[in-house]
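Note that the protein sequences, when read in sequence, are chains H and Y.
Using our numbering, you'd call the opening residue of the first sequence number 1216 and step up by one each time.
Using our numbering, you'd call the opening residue of the second sequence number 1097 and step up by one each time.
In case anyone wonders, no lab produced these hints; they're calculated from the structure.
Any given hint might turn out to be false.
[Stated by the list, open to error] Chain H stretches covered by chain Y per the calculated footprint, using a threshold of three residues with CB under 8 angstroms from any CB of chain Y: (1) 1217–1223; (2) 1245–1255; (3) 1293–1303.
[As the list claims (entries may be wrong)] Just a few of them, taken from the derived set where beta-carbon distance is under 8 angstroms, the chain Y residues facing chain H: (4) E1400; (5) V1923; (6) R1927; (7) Y1928; (8) H1932; (9) K2073; (10) A2079.
For each residue, glycine too, the CB sits at the ideal point set by N, CA and C.
Listed below are the residues making up each chain.
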Amino acid sequence: MTFRLTCPVCGKRDIREFTFGGQERGPRPEQPGLSAEEHFRWVQFRMIPGAGAEAGAGAEDAGAPAGGRADTRREWWYHGQGCGVWFRTTRDPMTNREVEGGGGQG
Amino acid sequence: MAVGRVDVGSGSPESRGRREGSLPPGRLTPGPTCRVDFSWPLAFRFLGRSMTGFAGDTVASALYANGVRVFGRSLKYHRPRGLYSMEGESSNTLMEIDGVPNECAETTELREGMSVRAQNVRGDPKTDRFAFIDAFDRLMPAGFYYRLFHRPYGLWPLFQNGLRRMAGTGVLDPRRELEGGGRGRSGTRGRAGVGAGGGARADGGSRANGVQAERYLNAAVAVIGGGPAGMAAALAAAESGMRVCLFERRRWLGGHLAWRAREFAGEPIHRRGEGLAALLLSRSRAAGLVKVFTSSPVTGVWGENLVTGFTVGGEDHPFRECHWECRAKVVVVASGCMERPLVFNHNDRPGVMQAGTAWRLARTHAVSPGKVAVFSVADDLSLEVAVDLADLGVEVRAVADAREVGRQDPPLVAALEERGIPLLTGWAVSRSIGRRWVTGCELRAVNGSGSRRLRCDLLVANAGWQPRIGALATAGARLAYCTHTHTFQPAELPDGVFTAGSLTGLRDPRSIEASGRLAGSRAAEWCSGAAPRLATAPRECESLPAPEPGCDIRHGPAIGRGAKAFVDLDEDGTYKNVVESAVQGFDVPELAKRFGGFGLGPGQYRVTGQNLAMIMADLGGDPVEAASPTTVRPPLVPPSLATLAGPGHDVHKRTPLHGELAARGAVFRRAGPWQRARYFGADPRLAPGVDRGSVGGRRSGRGSAKIGRGSADADCGGAKASRGSAEAGRGSAKAGRGLRDEILNVRRNVGLLDSSPLGKFRIFGPDALRALQRVYISDLSKARPGRCKYSAMCNDMAHVLDDGAIIQDSERNYYFTTSSGRAGSTVEWFRYHTRHDGWDYHLVNLTDAFGSINLAGPNARGVLERVTGDDVSNEAFPYMGCRRITLGGVEVRCLRLGFVGELSYELHVPSSYCQFVWGQLMDAGADLGIRPFGLEAQYCLRAEKGHVIVGAESEARVTLTDLGMGWLWDREDTASKKVGAPALRACEKQPGRMKLVGFRVEEGAGSGGPGSPRDGALVVDGGEIVGYVCTTRRSEVLGWQYGMALVREGHAVRGDRIRIREDGGRGGRATWSATVVDPPFYDPAGERLRA
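Based on the sequences and whatever the hints tell you, model everything.
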């Protein structure tokens, strides 16, 4: 499978120029009072297709998908073979493609 | 423009040596579509016999012309197999050509001096010694390899060995390298990638470094297939201003038109193809919008219309095969059709072939396919073949057509009648007769009402045509059974994919061409959003003949009665095996495929797919429209693995001092992207024979072979220490002497290390400190000008990633170092962990801009004082200090660190001055005996000091506190949200963690042995494994064997005696006793660093 991503600086480029930075799970939690459980949830837990938003993720793509279809994902990508920017994009895991207008946000 | 060779038309008949009476044996008078040049003979050998073919032959056509009928033996039953297809659809003709196994004889061009051998045979394929296996088919039912040979279990190794010897096709010679392009008759270089529209590789380089090449293409429209539809589509798209790449698997354009001599619409059909090809090539030359790639099979279509494939290099190409990838906006699939095999009894016997195979042997290669032929077909094109072969002098005894009366094209029926060829409508072949090849056949009415036996030496059989759906299927088209054409057709096409040509069921040449024009203009429309310029195309298509109805015959009459009828030739999958699979419950094609192996062979889906699906539907009692194809998997046509591996170029970095080190006899090894000096082996000042004992004991060479990996790749201790042991073993005696001297020279005198790959960074800006505080575990607000602050980076699981020194240069402006292995990912790491914060800082990677020279040893200051006027005394420049000093006019940054455990200065020098500074230091220390040392010496020196290398003494289970480096962690700071701090807090007190401990191996009787333990040895407590040795060496200065191990907490407390064990190897099991001691082993008080 291959697809392209829209880098906010360089435009549409081949996937092999990028590295994956995981799903968007919100900013690093504040540390005072942070339990180990909460921390590891933030580090390890991911959205599961059809399971809705994972608790504590602060994900923007909350909400259970209709009809059991995998929802679109908000993800971080790094343009390592290009300009070196981390950016967010929204992809459909069923087709791997970026959702229209979802790409290219720093 | 053309990257593959392009044969337009077929040249003048004169050049073909067309002299009646002088034809070579087995050849026909060449017609206008012949591509063989009889004036150019090529000698080759088959099984040691000399044979002659001609330029333009494939290996298969040349063998056939020389009377070879049995090309090889089948995989399971060792049945004789002959020439069945012409495009590599079956594996019958996979042969060993010039020592390369599994080459497809059908598509490989014949070259002078080739040596061809049959595969899967013992001896001559005609008289294979394993032929008897065919009689034991009852022992090999469907899925037998899953069900037999399991009991008694003890005999399995015996079975396994036998099966291993029997199974598989071809034997690879690992010592053999593939030849380059231009592998033919002369050393002519010719036009390398001639005018290939940019991007063609300079041939010199690719030729020198390897024979495989790669290309990356971009196009608006990619057309798959260079037949009439594909060419028309390319022309139409180019007319609308689109950039087009057209890929054709054959050497020439024209598709099925290329060998059809029949008159159609006033001219021979092949002329039409030649006309289109000439027009396309002239367009491509004129406007540069079209690129034509011949000899270029497509291997798959991937996401967002990435078309991949490869080009087979010809005489004048610099490559053997060139892998390419074409990113296109639109793909037009015009991949055409292939014949659907008719499954009947003994349908694998040599002499049974596709209609197209017989036709192309005669028309393309002027080879007589046989003397007496019988046809069993199910479509009009095959009837045309019968008429055409009869005209070429083949006696056609009968033509059976599985379709009912009235479905045939009337002019063809008339043509058969004219030639006195009986046409049996509603009949099909039920079995072939003969031993090693066909001597006759039995025809039966499809409804079973009669039978006839005929003598023949050629049996042309098919069940009509099936589209080549591979490219469509990999592009993601959903396929469904079409009850009109009786083929699988796309029910739904992905975005930006169009189809054209006979693939869609069209048979009329005009319709096929018009469908191409329509697809091309639609493709252009899709790309540009503009109105199509060929507005007449849709109407044109409507006025022309639509797809013709197909034939749904599943198999020949009276199937399976005491005979094998093959559904899959490659894997010897018979009709009976399909029934067995269904009976066992594997009753859908995808399951039967796994169980019985149908379609798992080299032919993959291509030949087997549709028949298997139709037969499975029948067996399940389903209507045929419920048939579902098995998944098509790339590569659709197999490229060689060497092509996928790509050119053998090793891209590495050299330090600015590479030349200096090489001149001193450095032995290099790859460390991350760098070539680094391991040790200096050829130093003329080495005193040979002074001391045979090597520093690391008898295995030092092996153990230290892992040095270069250092922290570049974290592997678990020395588990892989034996990697490359042959190389290291050979070098160890030499390395041992040199290494010992290198180490002692640093400990007692002064040495120089090229540590240039060390990561060097500058970070500045208002939020620079916040970023540093985020990723480093220590409190970096304490970093001060002129002082090195040592710290480490962890990940979110508190595992140590890296360590280094941080120096504040000025307000909001810092300089820091990372280990060599982390230099490449540091920018990514910083930016990732600050990605939500919007902080204002700049991070500059200075790794390549500055080299690094480490001057170490008790005499280091003495040397430095000779080359600089700056005060480098212990008072002015203490341990952990950082100064800018000037050496011979060059200002360098000097860090006083002690990684190797001696007084040492790390000089960060602008890369272009590195050689100069190195020379200054070497000259200044010459009388003291200064000498360079390599990575291996550094590895031992730092280990004596107990300094950890991330990846050598740490692994993915080990945290900062486990390594005993918890003192680096600033526990109070929660505001900067340090990466790893919450995890450190959580697991700091966790019981049972792995902890890093030092040990001293006991010597003398009772300790164990033989020899000394190696990196990666196990630490055992009773019978339990409680840890492993990370690094262990024998120290020359200490006089004993020390080491560091990761051991489960509680099993190794200071003063404990531990057992170290090594399993396997020549010595079997060996154990040693060791005492747990605290590192550092050398200079525990650190006095030498501060001297």
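Indices of hints not satisfied (ascending): none
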